[in-house]
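> Going down the list, the protein sequences come from chains A and B.
So the first sequence is numbered by the UniProt record's numbering: it starts at 1 and just counts up by one.
So the second sequence is numbered by the UniProt record's numbering: it starts at 1 and just counts up by one.
Some hints here could point you the wrong way.
[Unchecked claim] For lysine-lysine, the following DSS-like pairs were computed, each having C-alpha atoms within a straight-line distance of at most 30 Å: (1) A:K102 with B:K67; (2) A:K241 with B:K116; (3) B:K67 with A:K67; (4) A:K171 with B:K102; (5) A:K102 with B:K227; (6) A:K67 with B:K35; (7) B:K168 with A:K123; (8) B:K30 with B:K227; (9) A:K102 with B:K123; (10) B:K241 with A:K102; (11) B:K67 with B:K35; (12) A:K168 with B:K30; (13) A:K171 with A:K116; (14) B:K227 with A:K171.
[Claimed, not checked] Label pairs and their computed distance ranges (CB to CB): (15) A:E190 with B:H233: 38 to 48 Å; (16) A:A156 with B:E28: 48 to 58 Å; (17) B:T81 with A:V74: 17 to 27 Å; (18) B:H149 with A:F187: 35 to 45 Å.
Honestly, the hints are just simulated from the structure, not real lab data.
Quick reminder that beta carbons are idealized off the backbone N, C-alpha and C, glycines included.
Number of protein chains: 2
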Amino acid sequence: MEKNSMPTKKDDVYGDHISHKFNDELMELKTEFLKMGGMVEAQVDNAILALVDGDGHLADEIRANDKKVDRMEVEIDEEATLIIARRQPTARDLRLVISVIKMVADLERVGDEAKKIAKLAIKLQEEGQAPRGYVEVRHIGTHVLSMLHDALDAFARLDSEQALRIMKEDKRVDEEYQAAARTLLTFMMEDTRNISRCMSVMWVLRALERVGDHACNIAENVIFMVKGEDVRHTPVEEAEKVVGR
Amino acid sequence: MEKNSMPTKKDDVYGDHISHKFNDELMELKTEFLKMGGMVEAQVDNAILALVDGDGHLADEIRANDKKVDRMEVEIDEEATLIIARRQPTARDLRLVISVIKMVADLERVGDEAKKIAKLAIKLQEEGQAPRGYVEVRHIGTHVLSMLHDALDAFARLDSEQALRIMKEDKRVDEEYQAAARTLLTFMMEDTRNISRCMSVMWVLRALERVGDHACNIAENVIFMVKGEDVRHTPVEEAEKVVGR
Chain A
1 MEKNSMPTKK DDVYGDHISH KFNDELMELK TEFLKMGGMV EAQVDNAILA LVDGDGHLAD
61 EIRANDKKVD RMEVEIDEEA TLIIARRQPT ARDLRLVISV IKMVADLERV GDEAKKIAKL
121 AIKLQEEGQA PRGYVEVRHI GTHVLSMLHD ALDAFARLDS EQALRIMKED KRVDEEYQAA
181 ARTLLTFMME DTRNISRCMS VMWVLRALER VGDHACNIAE NVIFMVKGED VRHTPVEEAE
241 KVVGR
Chain B
1 MEKNSMPTKK DDVYGDHISH KFNDELMELK TEFLKMGGMV EAQVDNAILA LVDGDGHLAD
61 EIRANDKKVD RMEVEIDEEA TLIIARRQPT ARDLRLVISV IKMVADLERV GDEAKKIAKL
121 AIKLQEEGQA PRGYVEVRHI GTHVLSMLHD ALDAFARLDS EQALRIMKED KRVDEEYQAA
181 ARTLLTFMME DTRNISRCMS VMWVLRALER VGDHACNIAE NVIFMVKGED VRHTPVEEAE
241 KVVGR
């Protein structure tokens with residue numbers, strides 16, 4: 001059904017070599033992507049810690065590390081573009097490379113959200129009031145981190161069923177986020193002295209909800225890689241049919 | 001300096017035909033991208049109108065139109081992937097196609113922000129209180145819309161100097177956004193009955209600020225297409241040197 005990247009007869013002299021090198025390059029691209037994924041996972045995890053523990057030192061570290069994340073984005077993008085130019089991949093291989101280009105932008109944005117949370121952690125620590133909404137932050141944080149982890153795992157194993165489960169989770173995160181936002185609104189109305197602080201926590205929640213969205217984007221790309229069908233903007237029931245095929 | 005897509009001697013039979021078709025395909029890709037750009041510009045413009053005029057009918061239209069934007073994203077993505085698979089572009093042509101794949105994701109997200117604003121417009125209309133922060137919405141809205149328009153224009157004309165100007169604008173939008181957010185915070189503190197409403201307007205402002213970010217991403221891609229250098233995550237002074245070359 002699909003053209004693969006194995007050498008044809010006319011490649012018999014260099015074919016095997018070229019194909020091996022090509023496969024190595026694809027593997028390397030995957031590895032680098034997963035390495036960047038691990039980095040941004042740690043960034044989000046630490047950002048939540050920095051917030052709830054009021055750890056300004058850790059928050060500073062996160063902000064510094066974001067530069068490394070940015071550098072990885074540029075490097076992986078370059079590598080992917082080089083593979084297309086040199087190896088002219090088709091079918092499944094091409095889908096992999098293009099998906100990496102798209103997903104790397106998602107990872108970079110997850111990194112940005114972690115940086116935002118770190119900044120807010122510093123602001124909240126300086127203001128030094130009693131924590132409000134931290135239970136919600138921890139709860140949603142744990143949820144989106146596990147989505148991100150599972151999305152990267154689904155990519156590593158090209159597991160479209162796991163990817164589908166992540167797409168389903170996204171709705172639940174949105175509901176949790178809405179509930180948490182309502183809770184914070186109540187705190188704000190109770191006492192105007194809470195407003196500034198609660199606004200900061202609201203931005204943290206929004207950042208976490210975005211992390212969930214990006215995990216979901218990665219999951220959609222995994223389904224595209226495996227099944228060759230674009231399930232963005234399709235209802236989950238449709239995606240379910242695609243994965244079931 | 002660069003390999004271009006013109007046919008070489010050995011293509012003499014089909015070469016001209018292939019090259020013409022290839023050029024047509026690239027042109028078509030650009031045209032479709034700009035069409036989608038025009039669509040999301042109109043979506044943002046109308047979303048601001050729907051908000052300040054309290055026009056629920058217009059807001060509904062925007063939400064319906066977002067499906068068209070989503071469809072265009074999928075179509076352009078498919079077209080770009082097909083071009084890579086069929087034409088195996090290199091150098092400048094490859095940069096164009098890959099940039100379109102990236103920028104189309106930005107346009108789709110701008111569309112999402114317009115949809116969010118339309119939703120908030122409906123919510124605010126239903127609550128029916130006196131407008132607060134609409135001056136700020138109008139002001140920042142006009143600013144980011146002109147950035148988006150100029151970014152698409154810079155793409156159409158492959159004008160890296162205009163792209164650079166947009167990168168510089170982004171900082172000003174951030175400052176305007178910060179100032180507007182402070183104003184809204186003051187309204188919230190003055191009277192707790194303002195809180196829910198002001199929160200909604202705050203989300204509108206955040207959505208508009210994101211539109212500015214996406215315009216900036218498009219501008220960075222234009223510089224990449226023209227100059228072959230990745231200026232994301234580089235200070236504006238660095239980007240200035242790249243464009244000046």
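> For each hint, tell me whether it holds in the structure or not.
Verification of the supplied hints:
1. A:K102 with B:K67: Holds, at about 21 Å.
2. A:K241 with B:K116: Between K241 of chain A and K116 of chain B the Cα gap is close to 29 Å, so the pair holds against 30 Å.
3. B:K67 with A:K67: This hinted pair is violated, its Cα atoms lying about 36 Å apart.
4. A:K171 with B:K102: At roughly 25 Å apart (the allowed maximum being 30 Å), K102 of chain B and K171 of chain A satisfy the hint.
5. A:K102 with B:K227: It holds: about 21 Å lies between the C-alpha atoms, which stays within 30 Å.
6. A:K67 with B:K35: Distance ~35 Å between K67 of chain A and K35 of chain B Cα, so the pair is violated.
7. B:K168 with A:K123: Roughly 26 Å between the alpha carbons, so the hint for K168 of chain B and K123 of chain A holds.
8. B:K30 with B:K227: 18 Å, holds
9. A:K102 with B:K123: Since the Cα atoms of K102 of chain A and K123 of chain B sit roughly 33 Å apart, the hinted pair is violated (cutoff 30 Å).
10. B:K241 with A:K102: 28 Å, holds
11. B:K67 with B:K35: OK: K67 of chain B and K35 of chain B at ~15 Å, within 30 Å.
12. A:K168 with B:K30: 35 Å, violated
13. A:K171 with A:K116: 23 Å, holds
14. B:K227 with A:K171: The hint is violated at about 41 Å.
15. A:E190 with B:H233: 38 to 48 Å: 42 Å, holds
16. A:A156 with B:E28: 48 to 58 Å: This hint is violated: roughly 36 Å between Cβ atoms.
17. B:T81 with A:V74: 17 to 27 Å: 22 Å, holds
18. B:H149 with A:F187: 35 to 45 Å: At 40 Å between Cβs, range holds.
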